[in-house]
Amino acid sequence: MNSFGFSINKDNVIDYENNDRSLAEIVLAREPSLYRCIQCGSCTGACSAGAFTDYNFRKMHLLMRRGEIRLLQQSVDKCMLCGKCQLVCPRGINTRNVIRQIRLALLKLN
Amino acid sequence: MMEEKKHIAIIGGGPAGLESAENLFDLGYKVTIIELSDSLGGKLNNWHRLFPDRRLSKEILNHLKNKLNRNIQIFYNSTVIKTTRKEDKFFIELNNSSSLECDAVLLTVGFDLFNASIKEEYGYGIYDNVITSADLEYLFHANKPLLTKQGKTPEKVAFIHCVGSRDEKVGNIYCSSVCCVTGVKQAMEVKQLLPHSEILMFYMDIRMYGRFYEDLYLEAQEKYHVQFIRGRLSETAENIDGSLILKADDTLAGCPIKVNADLVVLLVGYVPSKYCSSLSKMLHIKCEKDGFFAPCDTHTDRNFTGSPGIFIAGACTGPKNLEATLADARSASITIHKYLLHVPVLEQINKVG
Chain A
0 MNSFGFSINK DNVIDYENND RSLAEIVLAR EPSLYRCIQC GSCTGACSAG
50 AFTDYNFRKM HLLMRRGEIR LLQQSVDKCM LCGKCQLVCP RGINTRNVIR
100 QIRLALLKLN
Chain B
0 MMEEKKHIAI IGGGPAGLES AENLFDLGYK VTIIELSDSL GGKLNNWHRL
50 FPDRRLSKEI LNHLKNKLNR NIQIFYNSTV IKTTRKEDKF FIELNNSSSL
100 ECDAVLLTVG FDLFNASIKE EYGYGIYDNV ITSADLEYLF HANKPLLTKQ
150 GKTPEKVAFI HCVGSRDEKV GNIYCSSVCC VTGVKQAMEV KQLLPHSEIL
200 MFYMDIRMYG RFYEDLYLEA QEKYHVQFIR GRLSETAENI DGSLILKADD
250 TLAGCPIKVN ADLVVLLVGY VPSKYCSSLS KMLHIKCEKD GFFAPCDTHT
300 DRNFTGSPGI FIAGACTGPK NLEATLADAR SASITIHKYL LHVPVLEQIN
350 KVG
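For the protein sequence lines, the chains are A and B, in the order given.
With numbering that gives the first Met the number 0, you'll find the first sequence wraps up at 109, consecutive numbering, no jumps.
With numbering that gives the first Met the number 0, you'll find the second sequence wraps up at 352, consecutive numbering, no jumps.
Read the hints as simulated data drawn from the structure, not as lab findings.
It cannot be assumed that every hint is accurate.
Stated by the list, open to error - Taking lysine-lysine and the DSBU-like style, the derived pairs with C-alpha atoms no more than 30 Å apart in a straight line are:
| id | chain 1 | residue 1 | chain 2 | residue 2 |
| --- | --- | --- | --- | --- |
| 1 | A | Lys77 | B | Lys118 |
| 2 | B | Lys168 | A | Lys77 |
| 3 | A | Lys83 | B | Lys168 |
| 4 | A | Lys77 | B | Lys337 |
| 5 | A | Lys83 | B | Lys88 |
| 6 | B | Lys257 | B | Lys88 |
Stated by the list, open to error - Here are some of the chain B residues that sit facing chain A, going by a computed Cβ distance under 10 Å:
| id | residue |
| --- | --- |
| 7 | Arg165 |
| 8 | Ile256 |
| 9 | Lys257 |
| 10 | Leu340 |
Said to hold, decoys possible - Computed, partial: chain B to chain A, Cβ under 10 Å:
| id | residue |
| --- | --- |
| 11 | Arg48 |
| 12 | Ile117 |
| 13 | Glu120 |
| 14 | Cys161 |
| 15 | Asp166 |
| 16 | Val169 |
| 17 | Ile205 |
| 18 | Arg231 |
| 19 | Glu234 |
| 20 | Glu237 |
| 21 | Leu245 |
| 22 | Asp249 |
| 23 | Gly253 |
Cβ atoms here follow ideal geometry from the backbone N, Cα and C, with glycine treated the same way.
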């Protein structure tokens, strides 16, 4: 077959129905305080890891809720569990347990 | 023979108290205001200009005071220390050994401002150039120059939304509802005073729910070039020159942001007046979980406490702007009027489902 130099990219849209949101469901069931998130970003603003890497707890959590989990593993490993995010969260989310539950769920998934 | 006029005691001489006093007096009642301080008007005295139209607060204050009839009795520097109920009458004793007997009590004790130093990571009371919206309004009101503690004209001013509101960490999960518009109003006023300054607003959600508030938001963007950054402030640190470093997540940009500011203004929210708790114990009336007075029914009976003869109005039942406070005070006046005329109270609304 001739190659014309074209390829098919995955489109840039969050495919809400076809994405796998089961991981988010597991994490939310085990740490329901996460339902309270209002995406204010206090966690990320305070984050020690986020100051030096592209680690972003708020965004990682949001993408997980949308079923965009391709980069989740590599993202969640950057957290050092210092807990500053938990200190500043205005909704009282147990963010450290969220990280722990994501790691556990990913272990199971793999 | 003419029946003796029924007597209503109003506890709190702020906007709600004054508006109700005038209305109840006009309806033919004897009215007494019990005021904590030595002047009327409450927190309206601390405002320079009001949102959304930026009219002088003095205009409203004078209007409320001037229409008050001279036959309305006012006790200044007074707090209630004891109340006794005897059938349909209340006997109220004050701290200055005065006392009065009345047929109904209206509580208009207002609110307190959140103590910003509780939110330590924002640096109020720690860093020189962190002030509150109330401090800024005072500077406007006193016509004082807007300078940093070091005497410099600020080039960059940051406003922080939701300080003491929507924050489980300080125990206040409710929205104070007026800080968004206060911040936008003050941002524009700062820009008018210092046309070369840059203004940043750190917000979680902009809640411009009132009439013409959205116009103010638009004007702030279009005319005053105020920068809105969607992210809640995480922490403040101080530079050696007294300016501040702010750290937040710029949520819409998707990465953390670090900004320097010469002056930081914390938009402090409402907390229940300390008199909500003491009066609720004294009069055996209910407060909500958040500490504001609880109405009998939020939709249909918002000025009645559920205890016959005791009514509530204004910001003591939850954060309100001035318009809502005055409307609530008028609504309370009618509720009290009907109570004193013995208009039968409707059965409590049946809960469906």
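Now for the hints, and whether the structure bears them out:
1. The suggested pairing of Lys77/A with Lys118/B holds, with an alpha-carbon distance near 28 Å, which does not exceed 30 Å.
2. At most 30 Å may separate the alpha-carbon atoms for a hinted pair to count; Lys168/B and Lys77/A meet this at roughly 26 Å.
3. Straight-line distance between C-alpha atoms of Lys83/A and Lys168/B comes to about 13 Å, which keeps the hinted pair within the 30 Å bound.
4. For the hint pairing Lys77/A with Lys337/B, the CA-to-CA distance comes to about 65 Å; that exceeds 30 Å, so the pair is violated.
5. Of the pairs offered as hints, the one joining Lys83/A and Lys88/B is violated, with about 56 Å between alpha carbons and a cut-off of 30 Å exceeded.
6. The hinted pair formed by Lys257/B and Lys88/B fails the criterion: a straight-line CA distance of about 61 Å is larger than 30 Å.
7. Of the supplied interface hints, the one on Arg165/B holds, with its beta-carbon coming within about 6 Å of a beta-carbon of chain A, less than 10 Å.
8. Against a cut-off of 10 Å between C-beta atoms, the interface hint on Ile256/B holds, since the closest Cβ of chain A lies about 8 Å away.
9. Interface restraint check for Lys257/B: the shortest CB-CB distance to chain A comes to about 9 Å, inside 10 Å, so the restraint holds.
10. Given the 10 Å rule on beta carbons, the hint for Leu340/B is violated: about 47 Å separates it from the nearest Cβ of chain A.
11. This hint is violated: Arg48/B has a C-beta 29 Å from the nearest C-beta of chain A, more than the 10 Å allowed.
12. Contact between Ile117/B and chain A, as hinted, is not supported at the beta carbon level, the nearest pair being about 13 Å apart and thus beyond 10 Å.
13. Taking 10 Å as the C-beta cut-off, the interface hint given for Glu120/B holds, the closest approach to chain A being about 7 Å.
14. For the restraint placing Cys161/B at the interface with chain A, the shortest Cβ-Cβ distance is roughly 8 Å, inside the 10 Å limit, so the hint holds.
15. Taking 10 Å as the C-beta contact cut-off toward chain A, the hint placing Asp166/B at the interface holds, the least distance being around 4 Å.
16. The beta carbon of Val169/B is positioned within 10 Å of a beta carbon in chain A (closest approach about 9 Å), and the interface hint is therefore held.
17. Checking Ile205/B against chain A by beta carbon gives a least distance of about 13 Å; that is not within 10 Å, so the hint is violated.
18. Interface restraint check: Arg231/B against chain A, minimum CB-CB distance 4 Å, threshold 10 Å, status holds.
19. A distance limit of 10 Å between C-beta atoms decides the matter here; for Glu234/B the minimum to chain A is near 6 Å, and the interface restraint holds.
20. With a cut of 10 Å, the hint placing Glu237/B at the interface with chain A is violated, because the nearest CB-to-CB distance is about 17 Å.
21. Evaluation of the Leu245/B hint against chain A yields a held restraint, the C-beta minimum of about 9 Å falling below 10 Å.
22. Taking 10 Å as the C-beta contact cut-off toward chain A, the hint placing Asp249/B at the interface holds, the least distance being around 8 Å.
23. The interface hint given for Gly253/B is met, as the beta carbon of that residue sits about 6 Å from the closest beta carbon of chain A, less than 10 Å.
In summary, the numbered hints that this structure violates are 4, 5, 6, 10, 11, 12, 17 and 20.
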